[in-house]
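Q: Listed below are the residues making up each chain.
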Amino acid sequence: MEKEQKDVILQVNHLSISENKHPKLMKFCKDFIVVKNETITPTLYILRLQYPQTLPEIKPGQFVEVLVEGEKEAFLRRPISIHDVDKEKNQIALLVQVVGKGTAQLSNIKEGEKLNLIFPLGNGFTIIGNKVLLIGGGCGAAPLLYLLRVLKQQNIQSDILIGCKDINHLFSKTEYQELSNLHVTTEDGSFGEKGFVTAHPILKEDFDTIYCCGPTPMMKAVSDYAKKRNIPCYVSLEHKMACGFGVCLCCVAETNQGNKRTCVTGPIFLSTDLKDF
Amino acid sequence: MNTTQHLEVKINNMLLRNPVMTASGTFGYGYDFEDFLSLDSLGGIIVKGTTGTERQGNPYPRMAETPSGMLNAVGLQNKGVDYFCNKIYPKLKDKKTNVIVNVSGSTIEEYVEVATKINSLENIPAIELNISCPNVKEGGMAFGTSKEMAFRVVSAVRKAYGKTLIVKLSPNVTNIVEIAKASEDAGADALSLINTLLGMAVDAEKREPLLSTITGGLSGPAVKPVALRCVWQVAKQTKLPLIGIGGIINAQDAIEFILVGATAIQVGTANFINPSITEEIVKGMEEYLQRHNIKHISDIRGII
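Taken in sequence, the protein lines are chains A and B.
Going by my numbering, the first residue of the first sequence is number 136, and it counts up by one from there.
Going by my numbering, the first residue of the second sequence is number 55, and it counts up by one from there.
These are calculated hints, taken from the structure and not from any lab test.
Among the clues, some could well be false.
Covered stretches of chain A, as calculated for chain B (at least 3 residues, CB under 8 Å) [what the hints assert, rightly or not]:
(1) 159-166
(2) 346-359
(3) 366-376
(4) 383-394
Sample of chain A residues with no beta-carbon within 12 Å of chain B, all distances over it, derived [unchecked claim]:
(5) K236
(6) K300
(7) D341
DEER-style ranges, computed between Cβ atoms [as the list claims (entries may be wrong)]:
(8) E204/A with Q306/B: 45 to 51 Å
(9) D239/B with T351/A: 50 to 56 Å
(10) K363/A with N140/B: 28 to 34 Å
(11) L69/B with E204/A: 34 to 40 Å
(12) S330/B with P350/A: 44 to 50 Å
(13) G393/A with N66/B: 33 to 39 Å
(14) Q291/B with N225/A: 55 to 61 Å
(15) Q306/B with T189/A: 34 to 40 Å
(16) I268/B with T189/A: 32 to 38 Å
(17) N140/B with P350/A: 39 to 45 Å
(18) D136/B with P350/A: 53 to 59 Å
A quick note: this is a predicted structure, and the numbers were derived from the prediction, not measured.
Glycine residues also receive a C-beta, built at the ideal position from the N, C-alpha and C atoms.
Working from the sequences, and respecting the hints, build out all of it.
A: Right under this line is the structure:
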């Protein structure tokens, strides 16, 4: 395809929210088997889960709703983003941070135990551009690994910039290096550049698209930067939700087109569509 | 005798293949659940609260998890009755279950307007008049917490609406029986109860409320004892068929509501956790009847 033609398509596809932009994928409510529960830090772990059948189509940026058993204060499911998908093995990986009693209970789950998930949920990233930058902060970076995998399959050139507290909080480093050019900032300088992602020199380069996941202040800062450079920037919102599949209307984000459900229209939004960004 | 006959019930002249329905605001417009269950297996679905014009609802955050339940402060976000009639009804009209519209408003005129428009939709056999929403500034619960106001709004809607009129009652009153009787006198065909209980949640660390509106509606198993008490009290004092709602998460819970006088039940918050829970409840109720050698669900209705 001619570059000019592709640029026109880029602009059209980046245009604002449309409920129908993403074809609706079938949702499932099924048990997975825990293959591995890998501790990264005392409050951060990766669950590798085996699906007993062929995994349905899952898009990067989508999430699951996990049923936590054995903790009576965790009444609702926990929404958790999909860190990685292994289509050959029919496995998915979830990166989980302990934030409350539900995720604390979940962190104790053992190999061989069952975990009930509703999946895949949400819209997922719009993959577009020839050269893209992924920016992740802390455990919020979780959905970027699977995004990198899909970008690589589509031969899209990528750089990934991860900001984290220190080297101990840097997860999936080997995978990032295999799939992309990894750049890191740490708050204490224990790995990569010392400081925050917004000061990293990679930002000076030109990109067609930025994908950003992490704490809200970081996503806002990146979105401001992207706006100045006129680069479309996708962000992933983590709003509190009761259901995760569009019926409770609790997780709304304020957009230029009114309140939209984060779990259906999002969690990935073009930052310029969001009122607070 | 097949499954449906054991569980078949009637609300006014509306036939339900079983007593299990879904509560408004917890089931969208039904089609969000079709990946998980067959709508045709349910007694009915009550779709999201519908108002005269589009509403954006309350600001985020609108939800807080609480022990055995949750608070919500959605505030009737919906696209309005015309959108429902033109865009949503065509997708629902051929479903083989009872599709019931929850009718909400801020004024009597608005309730009447919505009810009139829904009355013209052939395949909607009933409306549920929501005089009990705790999350809107005007109307809503204000109509459901005074017997005079309840009588006025139900009478006005009764004149405009010819099919089965269900009135949804609020538990946030000193005497729910009074409101139930006022609704009966005004021409209601059935009552559904309870709507959510007004509550609040606080974040001690941040020293702020968890909901943008400060207060919200409590639902989930936490409210079941209150709901059972309300249904039992109202069942003793009115002749109307009752639809029990409040914290039902399994067939045992559903049976409890039947025992205290409900003809049918609605499942709400549990739909969020297990989207096929309603089908499981139908099966569980059937098993209960077999296990206790009961011929028909109505044989145990109101025996407490």
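Q: So, for every hint listed, does it hold in this structure?
A: A quick look at each hint next to the structure:
no.	hint	in the structure
1	159-166	holds (count 4)
2	346-359	violated (count 0)
3	366-376	holds (count 3)
4	383-394	holds (count 9)
5	K236	10 Å, violated
6	K300	20 Å, holds
7	D341	35 Å, holds
8	E204/A with Q306/B: 45 to 51 Å	19 Å, violated
9	D239/B with T351/A: 50 to 56 Å	53 Å, holds
10	K363/A with N140/B: 28 to 34 Å	42 Å, violated
11	L69/B with E204/A: 34 to 40 Å	38 Å, holds
12	S330/B with P350/A: 44 to 50 Å	35 Å, violated
13	G393/A with N66/B: 33 to 39 Å	37 Å, holds
14	Q291/B with N225/A: 55 to 61 Å	57 Å, holds
15	Q306/B with T189/A: 34 to 40 Å	36 Å, holds
16	I268/B with T189/A: 32 to 38 Å	48 Å, violated
17	N140/B with P350/A: 39 to 45 Å	42 Å, holds
18	D136/B with P350/A: 53 to 59 Å	41 Å, violated
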